[in-house]
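Engineer: Sequence:
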Amino acid sequence: MSESPAGTLEDGSAPATPQDLFARLDALGIRTETMAHEPVFTVAESKHLRGQLSGGHTKNLFLRNKKGRMWLVTCLEDRDIDLKALATALDAGRLSFGSDDRLMRFLGVVPGAVTPFAAINDTGAAVQVALDRAMVRDHNTLNFHPLDNAMTTAIAPDDLVRFLEATGHTPMYLTASAFG
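Number 236 marks the last residue of the sequence shown (my numbering); no jumps.
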């Protein structure tokens, strides 16, 4: 397992490590299962893990608009994404992907490790979390990187929401039409 990425957060602190995340989940009474594997950077690269990991598989997009508002959108991995439709659903104006620097400063992760668990690092709640309603509704477990793309952690959808709320990130929910 690799260490937390180098860099600092917007508030000047170091990003949480996977061990910090697991301690926070334990403190909240949230049960998870984590599997170590070779680093994966894309949904396509992670598909070979499907036989070892049950549950819903996801993709996570870190987005921003021209005004500097930011969103972390988490959806099922097979969703086609139309950024114009998503921008309308988020009332965001024109959306683009957030820079690697912005990703580190606000969520404390590097590209390839984007995850809703990164809300642990956004202590100022600058990033709005948006979840695919079908993802939460239709799966007993969901899989995400625990701040490190050389691991995958399975969590119950209700526990994910409870974790997000505990970090000050009450999620908004998106329907299939929001993705285009």
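Source of the hints: derived by calculation from the structure; they are not laboratory data.
Keep in mind that the hints are not guaranteed to be accurate.
Pairwise CB distance ranges, derived in the manner of DEER restraints [said to hold, decoys possible]:
1) Gly-224 x Gly-149: 34 to 42 Å
2) Gly-149 x Ser-233: 27 to 35 Å
3) Thr-179 x Phe-153: 35 to 43 Å
4) Leu-84 x Asp-194: 21 to 29 Å
In the EDC-like style, the derived pairs of lysine to aspartate or glutamate whose C-alpha atoms are separated by at most 16 Å in a straight line are [what the hints assert, rightly or not]:
5) Lys-123 x Asp-138
6) Lys-122 x Glu-89
7) Lys-115 x Glu-133
8) Lys-115 x Asp-136
9) Lys-115 x Asp-138
10) Lys-123 x Asp-136
Glycine is no exception: its CB is placed at the ideal position from the N, C-alpha and C atoms.
Engineer: Confirm or reject each hint.
Structural biologist: Now the hints, each set against the structure:
no. : hint                          : in the structure
1   : Gly-224 x Gly-149: 34 to 42 Å : violated (24 Å)
2   : Gly-149 x Ser-233: 27 to 35 Å : violated (19 Å)
3   : Thr-179 x Phe-153: 35 to 43 Å : violated (23 Å)
4   : Leu-84 x Asp-194: 21 to 29 Å  : holds (24 Å)
5   : Lys-123 x Asp-138             : violated (20 Å)
6   : Lys-122 x Glu-89              : violated (38 Å)
7   : Lys-115 x Glu-133             : holds (5 Å)
8   : Lys-115 x Asp-136             : holds (11 Å)
9   : Lys-115 x Asp-138             : holds (14 Å)
10  : Lys-123 x Asp-136             : violated (25 Å)
This entry does not satisfy hints 1, 2, 3, 5, 6 and 10, going by the numbered hints stated previously.
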